[in-house]
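Protein chains in written order, with this note's numbering: chain U, 1 to 409; chain H, 410 to 496.
Just to be clear, a hint being listed does not mean it is correct.
Only some residues are given here: those of chain U computed to face chain H with a beta carbon under 10 Å [unchecked claim]: (1) T60; (2) L128; (3) D129; (4) T136; (5) S408.
Have a look at the derived ranges for each label pair, beta carbon to beta carbon [claimed, not checked]: (6) E431(H) - V409(U): 46 to 54 Å; (7) A430(H) - P93(U): 27 to 35 Å; (8) K121(U) - A430(H): 32 to 40 Å; (9) S388(U) - P429(H): 52 to 60 Å; (10) P98(U) - P429(H): 32 to 40 Å.
Sample of chain H residues with no beta-carbon within 10 Å of chain U, all distances over it, derived [what the hints assert, rightly or not]: (11) M410; (12) E415; (13) A477.
Keep in mind the hints are simulated off the structure, nothing from the lab. A virtual CB, placed ideally from N, CA and C, is assigned to each residue, including glycine.
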Amino acid sequence: MSGQCRAAAVTGLGVISPAGVGARATWDALLTGRSTAARDPGLVGLPVDISCQVPDFDTTRLVGRKAAWRLDRFVAMALLAARHAVADAGLDPSQWDPARVGVVIGTGTGSMERYVTEFAKLAAGRPLDISPLAITRSVPNMAAAEIALDLTATGPNFAVSTACASGSSALGIARDLLRAGTCDIVLAGGAESARHPIPAACFHRMGALSCRTDDPAGACRPFDAARDGFVLSEGAAVLVLERPEHAHARGAKPRAQLVGYGASCDAYHYAAPDPEGRGAAAALTAALADAELTPRDIDHVNAHGTGTRLNDLAEARALHAVFPEPPAVTSLKGALGHAIGAAGAIEAAVTVMSLQQNTIPPTANHEDPDLDIDLDIVAKAPRSTPLSAAASTSFGFGGQNAALVFRSV
Amino acid sequence: MPTSAELITSTLTETFDLEPAEVTPERTFEDLGLDSLALVEMGLMLQERTGISLDDVPLRTTIGELAALLDGGAADRALTTAPNSGS
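Please put together the full structure from these sequences, using the hints given.
Here's what the structure looks like:
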């Protein structure tokens with residue numbers, strides 16, 4: 001099978017991020033190099049009370065009352081991102097063969113808020129007040145299921161949960177469904193709204209969050225010498241992936257091609273990454289081989305780049321291991337925070353836009369390079385440069401790693 | 410102070426995208442397109458507003474019947490058919 005046939009065409013993007021509702025809003029905001037982090041009223045009283053919040057996300061207004069009443073926030077974000085992506089692709093769900101359309105959506109936690117809300121009723125001795133929709137609103141597979149219900153997609157439908165790699169893993173699995181000939185179209189991505197006191201307190205106790213609460217916008221500093229962790233975030237991104245022949249037959253112009261996917265597990269520690277980045281390097285190497293590209297073909301890496309000491313060092317070592325001369329690197333987490341299961345999908349969408357625009361958005365808050373990192377970090381301002389191939393990396397607790405390779409068209 | 414019928418109507422129109430003109434006293438919840446789970450959810454919303462427990466309202470109940478039961482404050486004792494769900 002030729003490289004061309006093994007690819008998936010990216011024909012549509014939908015992005016909901018703390019930088020705004022819509023792929024264009026997210027892209028434009030990223031180019032400013034500013035962070036979206038701010039004090040979060042929902043986290044008052046916690047040691048870390050800052051987050052990156054999707055602005056003005058009124059579920060009823062954005063997805064309509066008919067759907068909104070039973071959708072928890074991460075599901076509503078996924079649904080809106082999917083609608084945006086399908087519209088961007090120029091697809092009309094009433095015209096597609098629903099059995100040939102699949103949905104794969106990654107999420108790390110589902111709706112933790114729902115469980116807490118309903119458990120409070122139980123703790124108060126009111127079990128009969130628990131909503132009969134507590135499960136269907138909150139379980140991780142419901143984002144994919146609600147998208148299928150809304151858009152009528154009766155093909156394979158999956159949730160993927162590989163922690164912070166979930167969104168990237170979903171895109172890779174979706175690509176495999178297309179390559180296997182199972183589907184013509186797959187709506188794939190990630191969604192998460194874990195901006196909640198439980199994960200916020202937990203991540204803080206793990207030492208993963210930035211404690212720079214007096215300077216929220218300067219808190220997450222990927223690959224910077226003064227980094228001290230990430231900022232909790234939320235959002236969703238869905239990409240329309242299509243068999244290239246299917247896209248061509250309907251006259252769609254792809255934004256880019258997804259040409260490579262690699263996955264691995266560190267099998268090193270339940271939370272910490274392999275300090276040498278061996279698992280990360282293995283995923284990236286596998287993605288390059290899958291793409292039939294060499295390290296020198298890659299012009300840019302949209303890094304996982306959480307701004308935690310362990311992740312940044314491990315990722316830097318992985319990039320040095322894979323690339324004789326690592327290409328230009330950026331991390332969106334300085335600007336958007338860490339949207340856990342949605343992060344990889346948002347970053348994949350931005351990687352596609354980078355290829356289209358031949359522009360790499362800057363890493364917000366990268367001021368003082370860490371000499372141990374020794375990477376070409378794009379900082380301060382966007383970098384305009386010819387881009388023909390780019391990788392996006394994602395790594396999750398549990399040592400689960402995913403890497404994607406995109407090519408321009 | 411809204412009447413029970415007004416409370417039911419506002420809950421249905423605000424939550425389930427129904428037009429006020431659709432919500433007439435003789436119509437059942439089934440007529441209005443609610444399923445058993447949605448009906449329980451609506452009952453919980455009404456319970457928050459009225460303090461009256463609305464467990465196990467049958468789908469064939471009319472708006473008027475439920476309003477009368479709310480007015481009597483005895484919906485939880487009068488309606489006993491359990492809702493059904495798929496899986």
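Here is what the structure says about each hint:
1. T60: Hint on T60(U): holds, closest Cβ of chain H at ~9 Å, below 10 Å.
2. L128: Result: holds, 6 Å to nearest chain H Cβ.
3. D129: holds, 6 Å
4. T136: With a closest approach of 8 Å, the T136(U) hint holds.
5. S408: Violated. Min distance 42 Å.
6. E431(H) - V409(U): 46 to 54 Å: Given a distance of about 49 Å, which is inside 46 to 54 Å, the answer is holds.
7. A430(H) - P93(U): 27 to 35 Å: holds, 30 Å
8. K121(U) - A430(H): 32 to 40 Å: holds, 35 Å
9. S388(U) - P429(H): 52 to 60 Å: The hint (52 to 60 Å, Cβ to Cβ) holds, given that S388(U) and P429(H) are roughly 58 Å apart.
10. P98(U) - P429(H): 32 to 40 Å: holds, 34 Å
11. M410: About 24 Å separates M410(H) from the closest Cβ of chain U, which puts it past 10 Å; holds.
12. E415: With a cut-off of 10 Å, E415(H) remains clear of chain U, as the shortest Cβ separation is near 19 Å.
13. A477: Fine: 22 Å to the nearest Cβ keeps A477(H) off the interface.
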